[in-house]
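Below are the chains, spelled out letter by letter.
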Amino acid sequence: MAMTGVLRPGFIQIRVMDMEAAKEHYIKRIGLHQVMEGDDGRVYLKAADEFDHHSIVLRKADDAGCDLMAFKVLDEETLDGFKKRIEDYGIEVDEVRAGEQPGIGRRISFVITSGHRIELYSNCDQSDPKPGIFNSHIWSVEPHGMRARRFDHALFYGPDIDGVLDFFTKVLDFKLAEKVQMPDGLLGIWLTCGMKAHDIAFVKHPEPGKFHHVSFELENWNDVGRAADIITNFNISIDIGPTRHGITYGQTIYFFDPSGNRNEVFAGGYTYYPDLPTRAWDERDVGKAIFYYERQLNEAFLSVVT
Amino acid sequence: MSEQRFNIDVENINAEFCGSSTGYADERVLVSLERAQGFGKLKNLPKRLPVGCRRGGCGICRARILEGNYKRDPMSREYVTLEDEKEGLVLLCAIYPLSDLKVRLEPKCVKNVEANSQSLEI
Amino acid sequence: MALTGVLRPGFIQLRVLDMAASVEYYTKRIGFHVVTKGEDGRVYLKAADEFDHHSLVLRQADTAGLDLYAFKVRKDEDLDSFKKRIEDYGIEVDDVRAGEQPGIGRRISFVIESGHRIELYAQAEMSEPKPLIHNPDVWSVEPHGMRARRMDHALLYGPNIEKVLNFFVKVLDFECAERVDMPDGLLAIWLTAGMKAHDIAFVNHPEPGKFHHVAFELEDWKDVGNAADIITRYNISIDIGPTRHGITRGQTIYFFDPSGNRCEVFAGGYTYYPDHPTRTWDEKEIGRGIFYYERQLNDAFLSVVT
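Residue numbers (this note's numbering), protein chains in the order written: chain A, 1 to 306; chain B, 307 to 428; chain C, 429 to 734.
Hints may be right or wrong, so weigh each one.
Which residues of chain B face chain C? A few of them, derived with a C-beta cut under 8 Å, are [to be verified]:
no.: 1; residue: 342
no.: 2; residue: 358
no.: 3; residue: 359
no.: 4; residue: 362
no.: 5; residue: 363
no.: 6; residue: 382
no.: 7; residue: 393
Calculated cross-link-like contacts (lysine to any residue; reagent style SDA-like; alpha-carbon spacing at most 25 Å) [said to hold, decoys possible]:
no.: 8; chain 1: C; residue 1: 456; chain 2: B; residue 2: 333
no.: 9; chain 1: C; residue 1: 712; chain 2: A; residue 2: 141
no.: 10; chain 1: A; residue 1: 83; chain 2: A; residue 2: 130
no.: 11; chain 1: C; residue 1: 511; chain 2: A; residue 2: 4
no.: 12; chain 1: C; residue 1: 650; chain 2: A; residue 2: 169
no.: 13; chain 1: A; residue 1: 130; chain 2: A; residue 2: 75
no.: 14; chain 1: B; residue 1: 377; chain 2: C; residue 2: 451
no.: 15; chain 1: C; residue 1: 558; chain 2: A; residue 2: 130
no.: 16; chain 1: C; residue 1: 598; chain 2: A; residue 2: 4
no.: 17; chain 1: C; residue 1: 503; chain 2: A; residue 2: 78
no.: 18; chain 1: B; residue 1: 353; chain 2: C; residue 2: 666
no.: 19; chain 1: A; residue 1: 84; chain 2: C; residue 2: 702
no.: 20; chain 1: C; residue 1: 650; chain 2: C; residue 2: 583
no.: 21; chain 1: A; residue 1: 130; chain 2: C; residue 2: 703
no.: 22; chain 1: C; residue 1: 650; chain 2: A; residue 2: 292
no.: 23; chain 1: C; residue 1: 503; chain 2: A; residue 2: 169
no.: 24; chain 1: C; residue 1: 650; chain 2: A; residue 2: 145
no.: 25; chain 1: C; residue 1: 591; chain 2: C; residue 2: 493
no.: 26; chain 1: A; residue 1: 83; chain 2: A; residue 2: 105
no.: 27; chain 1: C; residue 1: 456; chain 2: B; residue 2: 354
no.: 28; chain 1: C; residue 1: 650; chain 2: A; residue 2: 229
no.: 29; chain 1: A; residue 1: 28; chain 2: A; residue 2: 142
no.: 30; chain 1: C; residue 1: 598; chain 2: A; residue 2: 169
no.: 31; chain 1: B; residue 1: 353; chain 2: C; residue 2: 715
no.: 32; chain 1: C; residue 1: 456; chain 2: B; residue 2: 337
no.: 33; chain 1: A; residue 1: 204; chain 2: C; residue 2: 561
no.: 34; chain 1: B; residue 1: 408; chain 2: B; residue 2: 388
Label-pair restraints from in silico Cβ distances [as the list claims (entries may be wrong)]:
no.: 35; chain 1: C; residue 1: 666; chain 2: A; residue 2: 163; range: 51 to 59 Å
no.: 36; chain 1: C; residue 1: 557; chain 2: B; residue 2: 354; range: 39 to 47 Å
no.: 37; chain 1: A; residue 1: 283; chain 2: C; residue 2: 468; range: 44 to 52 Å
no.: 38; chain 1: A; residue 1: 285; chain 2: C; residue 2: 711; range: 51 to 59 Å
no.: 39; chain 1: C; residue 1: 711; chain 2: B; residue 2: 405; range: 45 to 53 Å
no.: 40; chain 1: C; residue 1: 560; chain 2: B; residue 2: 408; range: 55 to 63 Å
Everything labelled a hint here was simulated from the structure, so no lab data went into it.
Backbone N, C-alpha and C fix where the C-beta goes; we use that ideal spot for every residue, glycine too.
Next up, chain A with everything else stripped away, as it sits in the complex (with noise of 0.2 Å):
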């Protein structure tokens, strides 16, 4: 196997103050699709293009953030070995029974440093839509909205970045594929656990477990132009965008769904190998890292979480 441990992010638990409005914001803004609602009023959505249960859950809640993020690993045993890892790190861990979430096999969970829960899991079982797999055509539904292709990564606003490196290197085996150095430490770090520029991202922040935002992948940056349509057509509230990272090289815009989570919607983005460096940036920079075009902060990228 070429790929071992963590594969890929594989959902996120969002919390929405009026579900109906998320609904229809995720599905028919967004272009994801419902699975199911379960018994406790959670709502499970999936990409078209994607073939596990599901990538997004809805919690209707009195306030917005993350829940959780989970990522899925290759299988059973490398489950307990991480269970292991992470408890000889020192960090507690819980298990998880099958079936909390629908599809979705037993988990791990546990909170790390930066005050985000994070959760890993094996077993899953597929739903519709999914791609096609005998003679298969481009899609099997036709994309919808702004034709999100799947749930990508996260960004998360924390404290003791530095320590949250430490393990996801370390613990999970991801690999730094790139950082925001400044004078006083460490700002940002992008972690991939395969071959994308990012499947988790932190940034230090004071307040623990904030949530940033939930990216969804898109074909290319004509798709980025069409979302940003979307966006005003529909009144969504805009964040910044189309632009492009310097960071990843990923060309995005960023929007709020309506309890105000944001959302990034992106194409593009390099290509990561182990081997390969970690590409860094400093102050003098990290305007162009973060946007490519701006070459500006804005203050609400940085201090505007939920």
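Starting from the structure of chain A, add chains B and C where the hints point.
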């Protein structure tokens, strides 16, 4: 651009006359035959005009020069050996007419192409 | 380490009939850069977005075609373990000394049952131009020509495809992302070492060791259109496209280098993970598998090889 024009007669491997094209001194002979085919002027081809890479590498357009003079680009020795060349074998995509030409198609690996085609029933 | 063993296609060595015309074509049209010329006349080229020393080697010869295709592996120890596994499988392995190609460490070299020479190596120097890694701009030198970003994969024609599949999967730890099964047996396989839909592919063909195409990756569909303009403007011999593959979903155009070696530039293609199913095609829909818009094969694509 050269305006020197030549007549190119082509026959298939069984020596049946297929048709003629107008070739130019700065134009690959195969390209002039492709134009003739596009105008519907070629008949009696075993299948269709053997067009491949058009740059002397794949050997599909192998042919024998029956009459006439030409100049040549590099062409793969895998398909036109020195002995072949002495006998007048060329790749039509890698020659340019210096006079009227008469050529006979002797495409490479006809057996393999047809074996593949039959198995795919295309 | 999540990615182990074979990482990616490293370089391809092609035979050309006219070196000057070939260098002009691969540099000015495809958009590559010459790294160095060897004393034996071989010319070493790369894309500006690649770190490694070179990815394309041109050798003047009196025939066109493929000399060898080499993959980069993660570690030097991998070379020794692959050597043993390949020999245990019953294929003879030659050692190629470090420096036989400039900037490349020792290689192991072997001929697979389709008649193609495949090599593995672990060490490669970096060369200019390459991506920046400190405050890195989106590109270091301005893209030109078709704006190729990397040598991405090759398609090879030869016999014994079932054995080739078995060898790549069992010995080199590749995965079969996609396959075509005809009534009389396996026609074609698309193999990946990582997360791309393919790193190498094979089509069953009676002659051993034949070369169908080398592919260079572009940013998006718009760049495929730009490549089409370049192909006609500079009287490059066209094969087919712009079109799309049902297989891998790549948006593509095929054409020939000045020696008749087929080239592809393409964008897109799905992301593969080792827990994904193999996608399959049969006789009825193979036309759509190869050319998604035309929905018919053409005999040149199946028979024209160097």
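Checked hints:
no. : hint                        : verdict
1   : 342                         : violated (18 Å)
2   : 358                         : holds (4 Å)
3   : 359                         : holds (3 Å)
4   : 362                         : holds (5 Å)
5   : 363                         : holds (2 Å)
6   : 382                         : holds (4 Å)
7   : 393                         : violated (18 Å)
8   : 456(C) - 333(B)             : holds (23 Å)
9   : 712(C) - 141(A)             : holds (21 Å)
10  : 83(A) - 130(A)              : violated (30 Å)
11  : 511(C) - 4(A)               : holds (21 Å)
12  : 650(C) - 169(A)             : violated (37 Å)
13  : 130(A) - 75(A)              : holds (21 Å)
14  : 377(B) - 451(C)             : holds (23 Å)
15  : 558(C) - 130(A)             : violated (38 Å)
16  : 598(C) - 4(A)               : holds (16 Å)
17  : 503(C) - 78(A)              : holds (22 Å)
18  : 353(B) - 666(C)             : holds (20 Å)
19  : 84(A) - 702(C)              : holds (24 Å)
20  : 650(C) - 583(C)             : holds (24 Å)
21  : 130(A) - 703(C)             : holds (14 Å)
22  : 650(C) - 292(A)             : holds (21 Å)
23  : 503(C) - 169(A)             : holds (18 Å)
24  : 650(C) - 145(A)             : holds (21 Å)
25  : 591(C) - 493(C)             : holds (22 Å)
26  : 83(A) - 105(A)              : holds (15 Å)
27  : 456(C) - 354(B)             : violated (34 Å)
28  : 650(C) - 229(A)             : holds (19 Å)
29  : 28(A) - 142(A)              : holds (13 Å)
30  : 598(C) - 169(A)             : violated (29 Å)
31  : 353(B) - 715(C)             : holds (19 Å)
32  : 456(C) - 337(B)             : holds (24 Å)
33  : 204(A) - 561(C)             : holds (21 Å)
34  : 408(B) - 388(B)             : holds (21 Å)
35  : 666(C) - 163(A): 51 to 59 Å : holds (56 Å)
36  : 557(C) - 354(B): 39 to 47 Å : holds (44 Å)
37  : 283(A) - 468(C): 44 to 52 Å : holds (49 Å)
38  : 285(A) - 711(C): 51 to 59 Å : holds (55 Å)
39  : 711(C) - 405(B): 45 to 53 Å : holds (48 Å)
40  : 560(C) - 408(B): 55 to 63 Å : holds (60 Å)
Comparing the model with each earlier hint shows violations of hints 1, 7, 10, 12, 15, 27 and 30; every other hint is respected.
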